[in-house]
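Colleague: Just need the whole structure built from these sequences, with the hints factored in.
One letter stands for each residue in the lines below.
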Amino acid sequence: MKETMRKWKIFGAWNLEKEVNWLVEMAREGWILESVGLFNYTFKKAEPCEMCYQLDFSTHKIKDQEEYHSIYAEAGWGLIGKMGGWNYFGKPKKEGETQTIYTDKQSLIEMFKRIISFLVIINGPTVYFLVIMHSSFTMAMPAAINIIILSLFVLVEFGIAYAIVRLLIHIRKLKAEALQ
Amino acid sequence: MPAEQPLTESTYLILATLTTPKHGYAIMKEVEDLTGGTVQLGPGTLYGVLKSMVKKELIIEQSSSDPRRRMYVITDKGVEVMKRETTRLEMLVIIGKKSLGREEI
Chain A
22 MKETMRKWKI
32 FGAWNLEKEV
42 NWLVEMAREG
52 WILESVGLFN
62 YTFKKAEPCE
72 MCYQLDFSTH
82 KIKDQEEYHS
92 IYAEAGWGLI
102 GKMGGWNYFG
112 KPKKEGETQT
122 IYTDKQSLIE
132 MFKRIISFLV
142 IINGPTVYFL
152 VIMHSSFTMA
162 MPAAINIIIL
172 SLFVLVEFGI
182 AYAIVRLLIH
192 IRKLKAEALQ
Chain B
8 MPAEQPLTES
18 TYLILATLTT
28 PKHGYAIMKE
38 VEDLTGGTVQ
48 LGPGTLYGVL
58 KSMVKKELII
68 EQSSSDPRRR
78 MYVITDKGVE
88 VMKRETTRLE
98 MLVIIGKKSL
108 GREEI
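Respectively, the protein sequence lines represent chains A and B.
Numbers in this note's numbering are just positions in the first sequence, counted from 1, shifted up by 21.
Numbers in this note's numbering are just positions in the second sequence, counted from 1, shifted up by 7.
Among the clues, some could well be false.
[What the hints assert, rightly or not] Far from chain A, some chain B residues (derived; all Cβ distances over 12 Å):
(1) T15
(2) S17
(3) T26
(4) K84
(5) R95
(6) S106
[Unchecked claim] Okay, derived cross-link-like pairs now, EDC-like style, lysine to aspartate or glutamate, Cα gap no bigger than 16 Å in a straight line:
(7) B/K63 x A/E131
(8) A/K65 x A/E50
(9) B/K62 x A/E87
(10) A/K112 x A/D85
(11) A/K84 x B/D73
(12) B/K58 x A/E24
(13) A/K30 x A/E55
(14) A/K30 x A/E40
(15) A/K66 x A/E24
(16) A/K66 x A/E50
(17) A/K194 x A/E116
(18) B/K58 x A/E87
(19) A/K84 x B/E16
(20) B/K58 x A/D85
(21) B/K62 x A/D85
(22) A/K126 x B/E68
(23) A/K126 x A/E198
(24) A/K196 x A/E178
(25) B/K36 x A/E118
(26) B/K36 x A/E95
In case anyone wonders, no lab produced these hints; they're calculated from the structure.
For glycine and all other residues, C-beta sits at the position ideal for the given N, C-alpha and C.
Modeller: Put into structure tokens, the structure is as follows:
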């Protein structure tokens with residue numbers, strides 16, 4: 022029977038490098054990423070090895086999926102799984118081969134900008150939902166429930182705003198590095 | 008983005024390979040060959056640059072291409088942008104060579 026382990030984990034996109042390094046460390050300890058679920062990873066026990074992992078945030082259309090995956094596959098990157106807009110890729114480490122999927126700062130910055138656009142887009146329905154909930158339930162619902170719903174949305178809004186700010190700071194850092 | 012914005016190295020090289028139609032992996036290989044292995048494009052960069060150049064109409068996708076290996080080719084606008092960028096780079100190289108002490112280079 023093959024030994025597997027599931028780990029629950031969340032990460033901020035601005036800490037992407039840390040997340041990737043953690044996956045590499047897991048492989049060094051003999052835990053190879055096998056699949057990706059919502060906020061969890063499944064690892065398979067194997068011989069410790071040197072792996073490269075990369076995450077790409079992509080909002081490509083379904084019709085573009087085949088091409089997207091085939092470009093990665095031909096470059097040696099196997100798709101391990103998907104979570105939200107994230108695509109997890111991995112390959113055994115080989116000297117002389119690129120170990121990153123983004124080989125210039127500009128295209129990496131574009132990826133982080135896609136995450137911000139995604140957050141702004143999903144924020145639209147969140148605000149809309151809040152307004153509807155608030156106006157239709159104010160009369161019918163007990164005040165306590167109303168407050169809970171409101172606080173929940175304030176929390177979500179705060180979370181999205183926080184993520185956007187962290188991403189903008191990260192983009193600024195990348196731009197400064199690109200100028201060096 | 009204003010048209011005068013300099014192209015990134017990746018964008019310039021990808022555009023330069025597309026004077027004849029190519030799919031993603033063929034572009035990657037050709038850039039590697041042309042630069043003697045000094046420039047290796049990652050798939051994330053390649054895919055991102057291709058999509059953005061299609062959007063800016065510097066390249067177009069060939070209609071008959073296989074969905075797994077879509078073929079792209081430079082447009083007239085793309086040729087214009089490349090010419091302008093080449094002139095700009097040539098000017099920089101001339102200035103650089105002069106500054107470095109001429110003859111020996």
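Colleague: Which numbered hints are broken by the structure, listed smallest first?
Modeller: Hints 1, 2, 9, 10, 12, 17, 19, 22, 24 are the ones this structure does not satisfy, whereas the remaining hints hold.
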